[in-house]
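Engineer: Starting from the known structure of chain A, arrange chain B on it as the hints suggest.
One line per chain: the protein sequences are A and B, in this order. Counting in the numbering used here, the first sequence runs from 669 upward without gaps. Counting in the numbering used here, the second sequence runs from 669 upward without gaps.
Rather than coming from a laboratory, the hints here were simulated on the basis of the structure. Certain hints may be false.
It does not matter which identical chain is meant; a pair holds if it fits inside one copy or across any two.
Stated by the list, open to error - Here are the computed lysine-lysine pairs in the DSS-like style, where the Cα-Cα straight-line distance is at most 27 Å:
| hint | residue 1 | residue 2 |
| --- | --- | --- |
| 1 | 728 | 692 |
| 2 | 795 | 857 |
| 3 | 733 | 857 |
| 4 | 857 | 692 |
| 5 | 689 | 749 |
| 6 | 779 | 857 |
Number of protein chains: 2
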Amino acid sequence: MKKSYTTNLYIALVHYPVVNKNGKIIASAVTNLDLHDISRSARTYGVRAFYVVTPLSDQKELVEKIVLHWLEGPGARYNPKRREALELISIKDSLDEVIEHVRENTGDFPKTVVTSAGHSPRNISFKRFGEMLQDGTLYLLILGTGWGLSENFMAEADYVLNPILGNTDYNHLAVRSAAAVILDRLFGKRE
Amino acid sequence: MKKSYTTNLYIALVHYPVVNKNGKIIASAVTNLDLHDISRSARTYGVRAFYVVTPLSDQKELVEKIVLHWLEGPGARYNPKRREALELISIKDSLDEVIEHVRENTGDFPKTVVTSAGHSPRNISFKRFGEMLQDGTLYLLILGTGWGLSENFMAEADYVLNPILGNTDYNHLAVRSAAAVILDRLFGKRE
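This is chain A alone, in the form it adopts within the complex (with noise of 0.2 Å):
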């Protein structure tokens, strides 16, 4: 099979440990349209691979029956491009696992990249994370649901990429919207 990937970027879907509306740390549960919109906002900019990370055994079900079905059931012969975009998933219970599958596939461990709404020293802007994605490493791009990445979680991360501005003081994008607007600064061709 032809490689459908054109960039150095993977993508993780965060279900656990993210926090809640009231900051408690939840696993949330898993949303049929994300898996549908970022696998085919991945598979339109390139991306290698999109892991869908949660530790409960119901909800890794229900993933794997969602791709099934467009992989291999009645979807894939409704729509193809359908299964073109979900193939690009993995679930793994953990980001550990994600990290260690990377390296069996490639050799190497990814850099770790988190979104946040705040600034720190470990920021970098969507120019230079572009500029970074062309030498050569591996990143994984981490995104979290529910309310937000844990701040655990975000503190072992490598990289925080700056938060996206509208050109309003609201800023509250979907986890869909957010994953397609990520892609495009970094990938996305202007004409």
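Structural biologist: Using the frame of chain A, we list chain B on its own:
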């Protein structure tokens, strides 16, 4: 109330007339997450209003029910940020009604801009459209659901926005993702 918009752009999400997989003209069903995701993107990027267009009365009732839940129902207390986004939504029967609504509120008819995978003499680049939005003219960006806007409908628009190119030969973003990417290309602050 402080005005929330910072641009001269309106968005319309059209559920009729659109085409299905086989090119037949249909009225598509409203998707709950289209309302949430596109209104959050619209609010983040300072869009003036987000019109949801469908002639079907049960679909209009569904949209009203969802919007009211977040504007005045339990959702308003649970997540006030969601209210700020969903209050941008207006439900209309047709694109003519949308255009008339803009005229009633502003005294001006907006120019219409559709999105398409193809190229035509009416095509404009993202850069050009961004410049056009600075001169005081009002614009209405029209997004199709299903397999896209009908051909007759497209032919009547003032402008056709260039397709979003990623960096592969795959180009099948969700309409929710496409809306976010278009707004970010037009108005996003990259840093």
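Engineer: Would you mind marking each hint as holding or not holding in the structure?
Structural biologist: Against the structure, the hints come out as follows:
1. 728 <-> 692: within (22 Å within a copy, 37 Å between copies)
2. 795 <-> 857: both (14 Å within a copy, 12 Å between copies)
3. 733 <-> 857: neither (34 Å within a copy, 39 Å between copies)
4. 857 <-> 692: neither (40 Å within a copy, 31 Å between copies)
5. 689 <-> 749: Intra 36 Å, inter 12 Å, cutoff 27 Å: inter-copy only.
6. 779 <-> 857: both (25 Å within a copy, 25 Å between copies)
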